[in-house]
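Trainee: Spelled out from the first residue to the last, the chains are:
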Amino acid sequence: MSSNDCSLQRTALYDLHIEAGAKMVPFAGYDMPVQYPLGIKKEHLHSREKAGLFDVSHMGQVVLKGQRAARALERLVPVDIVDLGEMCQRYALFTNEQGGVMDDLMVTNTGEQLFLVVNAACKEQDIEHLKTHLADQCEIEVLEDRALLALQGPKAGEVFAKLAPESADMVFMTAKNLSINGIDCFVTRSGYTGEDGFEISVANHQAEELAKILLADNDVEWIGLGARDSLRLEAGLCLYGNDLNNEISPVEASLMWALSKPRRADGERPGGYIGADVIMQQMQEGVTRKRVGIKALGKMPVRDGVELVDENDTVVGKVSSGGFGPAFGGPVAMGYVPTEMAQEGVKLDALVRGKKVPVEVVKLPFVKQNYFRG
Amino acid sequence: MSNIKYSAEHEWIQDNGDGTVLIGITDFAQQQLGDLVFVELPEVGDEITKGEEISVIESVKAASDLYAPVDGTVIEVNEALEDEPELINEDAMANWILKVELADTSDLDDLMDEAAYQELTEEE
Numbered sequence: 001m002s003s004n005d006c007s008l009q010r011t012a013l014y015d016l017h018i019e020a021g022a023k024m025v026p027f028a029g030y031d032m033p034v035q036y037p038l039g040i041k042k043e044h045l046h047s048r049e050k051a052g053l054f055d056v057s058h059m060g061q062v063v064l065k066g067q068r069a070a071r072a073l074e075r076l077v078p079v080d081i082v083d084l085g086e087m088c089q090r091y092a093l094f095t096n097e098q099g100g101v102m103d104d105l106m107v108t109n110t111g112e113q114l115f116l117v118v119n120a121a122c123k124e125q126d127i128e129h130l131k132t133h134l135a136d137q138c139e140i141e142v143l144e145d146r147a148l149l150a151l152q153g154p155k156a157g158e159v160f161a162k163l164a165p166e167s168a169d170m171v172f173m174t175a176k177n178l179s180i181n182g183i184d185c186f187v188t189r190s191g192y193t194g195e196d197g198f199e200i201s202v203a204n205h206q207a208e209e210l211a212k213i214l215l216a217d218n219d220v221e222w223i224g225l226g227a228r229d230s231l232r233l234e235a236g237l238c239l240y241g242n243d244l245n246n247e248i249s250p251v252e253a254s255l256m257w258a259l260s261k262p263r264r265a266d267g268e269r270p271g272g273y274i275g276a277d278v279i280m281q282q283m284q285e286g287v288t289r290k291r292v293g294i295k296a297l298g299k300m301p302v303r304d305g306v307e308l309v310d311e312n313d314t315v316v317g318k319v320s321s322g323g324f325g326p327a328f329g330g331p332v333a334m335g336y337v338p339t340e341m342a343q344e345g346v347k348l349d350a351l352v353r354g355k356k357v358p359v360e361v362v363k364l365p366f367v368k369q370n371y372f373r374g
Numbered sequence: 001m002s003n004i005k006y007s008a009e010h011e012w013i014q015d016n017g018d019g020t021v022l023i024g025i026t027d028f029a030q031q032q033l034g035d036l037v038f039v040e041l042p043e044v045g046d047e048i049t050k051g052e053e054i055s056v057i058e059s060v061k062a063a064s065d066l067y068a069p070v071d072g073t074v075i076e077v078n079e080a081l082e083d084e085p086e087l088i089n090e091d092a093m094a095n096w097i098l099k100v101e102l103a104d105t106s107d108l109d110d111l112m113d114e115a116a117y118q119e120l121t122e123e124e
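Those protein sequences? They're chains A and B, same order as listed.
Each residue of the first sequence is one higher than the one before, counting from 1 in our numbering.
Each residue of the second sequence is one higher than the one before, counting from 1 in our numbering.
Since the hints were derived computationally from the structure, they do not count as laboratory data.
Just so you know, these numbers come straight off a predicted model, no measurement behind them.
Check the hints yourself; a few may be wrong.
As the list claims (entries may be wrong) - Under the rule of at most 30 Å between Cα atoms (straight-line distance), these lysine-lysine pairs were calculated in the DSS-like manner: (1) A:Lys318 with A:Lys295; (2) A:Lys347 with A:Lys299; (3) A:Lys261 with A:Lys42; (4) B:Lys61 with A:Lys295; (5) A:Lys50 with A:Lys131; (6) A:Lys212 with A:Lys50; (7) A:Lys299 with B:Lys50; (8) A:Lys65 with A:Lys42; (9) A:Lys347 with B:Lys61; (10) B:Lys99 with A:Lys299; (11) A:Lys299 with A:Lys42; (12) A:Lys50 with B:Lys61; (13) A:Lys42 with A:Lys131; (14) B:Lys61 with A:Lys363; (15) A:Lys212 with B:Lys61; (16) B:Lys50 with A:Lys356; (17) B:Lys61 with A:Lys368; (18) B:Lys50 with B:Lys61; (19) B:Lys61 with A:Lys318.
Given only the sequences and the hints, what does the whole structure look like? Please build it.
Mentor: This is how it looks when you write it as structure tokens:
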């Protein structure tokens with residue numbers, strides 16, 4: 001089944017998706033697989049039990065080159081890039097003047113350059129942003145000819161080690177250049193499902209061959225964007241556009257862990273990024289709202305946009321992401337509530353189609369994160 | 001002649017011949033919705049009006065409304081769906097959602113037979 005929209009771009013793996021019987025939908029300008037014949041629920045569970053293969057080639061891959069690249073990038077993110085070890089990866093955020101988040105991204109120091117992965121829907125804006133602020137500091141190259149595959153799940157390590165034994169000792173958030181059947185791959189041990197796994201950057205013309213090699217393993221199945229969303233939600237990870245946007249700061253988003261120590265007020269290189277004054281003040285004085293996990297006490301899913309009310313029926317917050325967590329076995333959601341309510345066990349009601357659904361503030365994630373730390 | 005008819009909203013309506021009908025969703029609808037996770041059942045005694053929302057079916061992906069294909073009164077709901085909405089994915093034609101006492105049996109005449117419904121799904 002195809003969306004038949006000619007204005008949509010296709011990834012290098014488009015033909016394989018069609019062959020696999022994927023249901024294609026438009027996403028961020030691409031014709032992408034939302035699910036395969038297995039269906040979202042089974043795809044989700046497969047990724048939690050074995051290993052799922054995701055085509056995430058729609059995401060932007062950008063390289064920053066030059067002596068000053070790390071220092072330059074620190075002007076745009078509240079994250080330690082200068083001291084990011086060789087072949088190490090870090091989660092980062094592009095912030096704006098108001099302290100909001102323009103996008104979230106992954107940064108890897110390959111030794112020679114910085115390798116960035118940005119969200120598909122934000123990539124044009126991000127590239128423009130990088131060019132505006134960093135063009136005089138470093139060389140910016142957008143990798144248009146590369147695909148990105150993610151292999152995620154408890155079996156990912158085993159599957160990958162069979163093909164590339166040198167991957168076995170990689171720990172979470174590190175990178176390696178590996179060869180699989182003669183195909184050059186740039187691999188990071190990371191992902192966005194809460195599971196152990198890898199993200200593999202490969203030349204477009206070899207992407208199909210690599211995907212077929214991975215799919216030949218009995219433990220590997222194609223997984224679509226539908227399950228990718230439910231997996232990241234169960235893992236308590238933010239979706240840009242839902243849980244993060246230009247009006248939400250990293251402090252409000254409960255992403256304090258992503259704000260590196262050396263960039264904080266008492267660090268070696270305090271501030272110095274866009275919106276630093278706002279964000280540092282928030283770290284000092286606190287914020288009025290926070291992102292929390294929200295568990296619906298019934299079976300009815302509480303989805304994004306649903307309002308949260310207190311016992312006086314006053315609207316106090318809103319769900320930013322919500323749905324059903326197949327591994328959790330019930331509805332899962334995240335949302336923003338006043339800081340004083342951002343505590344485990346606080347009971348609220350969600351207004352779903354005019355009906356009150358009792359919910360409770362819970363700790364994230366909904367399922368145990370399963371990263372490989374050696 | 002079959003006692004099962006279909007609505008353009010992808011419901012099947014089984015005429016029990018005693019002024020009552022069973023209403024469910026078709027296999028086509030089930031496939032389009034994907035894995036069901038919740039069925040918001042109407043309440044017994046609810047009056048339903050043709051074309052109006054009577055229930056919400058939630059899949060992993062999204063919430064979809066179920067519209068009344070006839071006028072009448074809800075006399076029974078399939079409570080098994082509260083715990084196992086996936087029964088509909090397993091066999092949509094065998095798992096009814098609600099039983100309705102018709103206000104006017106002639107409502108059934110406005111519904112499609114299987115051939116007409118087949119044609120509709122092929123167009124979609």
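Trainee: All the hints need checking, so say for each whether the structure fits it.
Mentor: The hints, checked one at a time:
A C-alpha spacing of about 13 Å is found between Lys318 (chain A) and Lys295 (chain A), which places the hinted pair at or below 30 Å, so the restraint holds. The suggested pairing of Lys347 (chain A) with Lys299 (chain A) holds, with an alpha-carbon distance near 16 Å, which does not exceed 30 Å. The straight-line distance between the Cα atoms of Lys261 (chain A) and Lys42 (chain A) is roughly 40 Å, outside the 30 Å bound, and the hint therefore fails. For the hint linking Lys61 (chain B) to Lys295 (chain A), the alpha-carbon distance of about 18 Å falls within 30 Å, and the restraint holds.
A C-alpha spacing of about 41 Å is found between Lys50 (chain A) and Lys131 (chain A), which places the hinted pair above 30 Å, so the restraint is violated. Only pairs whose Cα atoms come within 30 Å are accepted, and Lys212 (chain A) paired with Lys50 (chain A) is accepted, the gap being roughly 17 Å. Of the pairs offered as hints, the one joining Lys299 (chain A) and Lys50 (chain B) holds, with about 28 Å between alpha carbons and a cut-off of 30 Å not exceeded. With a CA separation close to 42 Å, the supplied pair Lys65 (chain A) and Lys42 (chain A) exceeds the 30 Å bound.
For the hint linking Lys347 (chain A) to Lys61 (chain B), the alpha-carbon distance of about 26 Å falls within 30 Å, and the restraint holds. Distance restraint check for Lys99 (chain B) and Lys299 (chain A): the Cα-Cα separation of roughly 23 Å lies within the 30 Å cut-off, and the hinted pair is therefore satisfied. At most 30 Å may separate the alpha-carbon atoms for a hinted pair to count; Lys299 (chain A) and Lys42 (chain A) meet this at roughly 19 Å. With a C-alpha separation of about 22 Å, the suggested pairing of Lys50 (chain A) with Lys61 (chain B) holds against the 30 Å cut-off.
Between Lys42 (chain A) and Lys131 (chain A) the CA atoms are separated by roughly 42 Å; this puts the pair beyond 30 Å, and the hint is violated. Taking the CA atoms of Lys61 (chain B) and Lys363 (chain A), the gap is near 24 Å; set against the 30 Å cutoff, the hint holds. For a cut-off of 30 Å, the pair hint linking Lys212 (chain A) to Lys61 (chain B) stands: about 28 Å separates their Cα positions. Restraint check for Lys50 (chain B) and Lys356 (chain A): satisfied, since their Cα atoms lie roughly 26 Å apart, inside the 30 Å limit.
Restraint check for Lys61 (chain B) and Lys368 (chain A): satisfied, since their Cα atoms lie roughly 23 Å apart, inside the 30 Å limit. A hinted pair counts as satisfied when its Cα atoms are at most 30 Å apart, and Lys50 (chain B) with Lys61 (chain B) qualifies at roughly 26 Å. Taking the CA atoms of Lys61 (chain B) and Lys318 (chain A), the gap is near 19 Å; set against the 30 Å cutoff, the hint holds.
Comparing the model with each earlier hint shows violations of hints 3, 5, 8 and 13; every other hint is respected.
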